[in-house]
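Visitor: Chain by chain, the residues run as shown.
There are 2 protein chains.
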Amino acid sequence: MDSLDISLKGEESSYQIYFGDLPKLILDKKVLIVTNPKIAGLHLQTLLGRVQAREVYCHIIPDGEVYKNFKSVESILETAFNHHLDRKSLMIAFGGGVIGDMVGFAAGIFMRGIDFIQIPTTLLAQVDSSVGGKTGINNAFGKNLVGLFYQPKAVYINSQFLRTLPQRELSAGFAEIIKMAVCFDREFFKVLENLNIGDECALLAVIQKAVSIKAQVVREDEKEQGIRAALNYGHTFGHSIELQSGYGKYLHGEAVGMGMVMANTLALALGLINQVEFDAIKALLEKFGIPTSYAIKNVESFYESFFLDKKSLNSRIKFVLPQGIGGVCFKDDIPKALVLDILSEFA
Amino acid sequence: MDSLDISLKGEESSYQIYFGDLPKLILDKKVLIVTNPKIAGLHLQTLLGRVQAREVYCHIIPDGEVYKNFKSVESILETAFNHHLDRKSLMIAFGGGVIGDMVGFAAGIFMRGIDFIQIPTTLLAQVDSSVGGKTGINNAFGKNLVGLFYQPKAVYINSQFLRTLPQRELSAGFAEIIKMAVCFDREFFKVLENLNIGDECALLAVIQKAVSIKAQVVREDEKEQGIRAALNYGHTFGHSIELQSGYGKYLHGEAVGMGMVMANTLALALGLINQVEFDAIKALLEKFGIPTSYAIKNVESFYESFFLDKKSLNSRIKFVLPQGIGGVCFKDDIPKALVLDILSEFA
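Protein chains in written order, with my numbering: chain R, 1307 to 1653; chain Z, 1307 to 1653.
Each hint can be trusted.
Pairs involving identical chains hold if they fit within one copy or between any two copies, as the list cannot separate such chains.
With a Cα cut of at most 30 Å, we get these calculated DSS-like pairs of lysine-lysine:
no.: 1; residue 1: K1459; residue 2: K1394
no.: 2; residue 1: K1335; residue 2: K1624
no.: 3; residue 1: K1459; residue 2: K1344
no.: 4; residue 1: K1555; residue 2: K1377
no.: 5; residue 1: K1624; residue 2: K1394
Calculated directly from the structure, the hints in this document are not laboratory data.
Produce the entire structure from the sequences given, and follow the hints as far as they go.
Guide: Spelled out as structure tokens, the structure:
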């Protein structure tokens, strides 16, 4: 079984990411598996066959970004208390990014923090959200505005779960993979341009590559003081799309894909990328079936919602923009008028 | 101005505890002060005169343990979002332990963690809860069961705030001071026996001594893997008293005082302390006006509530018991029958 080491500053928060078939997990403690109805139906039996623990409980949360809230986290905690989980117990996040983010948050605040592991079942969660310890929930003000940096004890990535993943969710996952290629790795971008989507073996290699880029970035900057913010490329615009369209209309990866096109339009206007690069990124998004156009209803309120972004400091919006393909930069001095001009192109 | 250094493992989480008049706090950022109506009425003007920041907002929470819940934390977060606080902003906890615990928790999860400082206004918060980074809330299952280890950036301890503190709350604070003397410092216990309660200067010295003991324990064991658990002396019983009597009937320190007497009764039965020591501790509690008797309504359900305690692992209750005066030990192998016997003495 391949694995990748995530060594962070504190020894406590280092962990392994494993690739391949799920091994037998022998855990001399109480375990709470949290999943959604769909994954429970498809794969819970498989997971239960792999987990050997003192006591195993399951908690099922409705599927979807709209349920990524305090109420769901409280329901996880309630189940944990009802079954008398203690400080040595373990939670397992078994599902996509929504499940992973909420279980990490719940584990982080249950009795001031217990262990959890990530077993991501969507492409997006496998390449992005399960690695790096960002946990949290959405609220009326925006996405992921409440949460913790709280690292899992291990991540198990098994591409077999992707066989049952709907095409639309697979596409959404590719948005995050393309994001990492655009920001950090021109060669990887070319690999994606040539990828045969049906080739499971090639897909595996792509997942490992994306995770290794993510892991490298997280190792360098766990708490997002610097370079980690690059992973938010497409997200400032994407979060506003999700907020304005109502969580649930678009998948997170879809919103990020559309957000990348908006960011690229701004980057093009600033001369950070050229038209050929702009077109190549858009073409790659489209190759994987990611939507690239979004109609902004109200440009001014779309702009205002940027200020709720965690990257906006002192009333300045920090834009993450590509610099060619394989490079990335931050800009917090872009005049409002220019941003509104760009947004108007999408109105 | 005297100060005490708390150096924890990660550099990030080291901070100073200052004693004396509140200095001018010059903060080039947005600041959210969280307090309760009583402290706001008595001291907010003083604090506002000391804080010089880009923008200052206040959020007021009803006073009392019964409001130490998710709803209050959400209300703090809502105010923070409404005023567009960002990752560089600061929260100030201005009040007793309830305010401090909730603001620490809210700051810890707002945008995955922003800075906060503690300005405790009760004796209990000054000597105990403001130092050490335990934050959290109560829920239907018990006290402080949801929260974080999240250290403040600084603690400012000013005994002038105690002049307006009701006698009952002053007494409750002494319960935690006595707790530290019993567990760690026989000489300090004698100092307390001889203390003239009206002597503000002597009180100041007592506060500094108690904080220095607490700081030493936290430095050694931030995450309560070992010795820090000693600070829960009286708390296993005390938490059950608070849960069963309904939060709000007793002050936390009062419940801890009664819990210490219960723990001592068990320690006496086990030969860990003798009758003279038992009587001396009880007399000291009574000297400071702390209640020492509590009538348990239902012994069995009182016992059951121990299992919700965070210190209970694998269905074993971990009792913190005095070993003479100035010593402490942990016992997780006490037969249920003996514990029920002890509890029956209070029924």
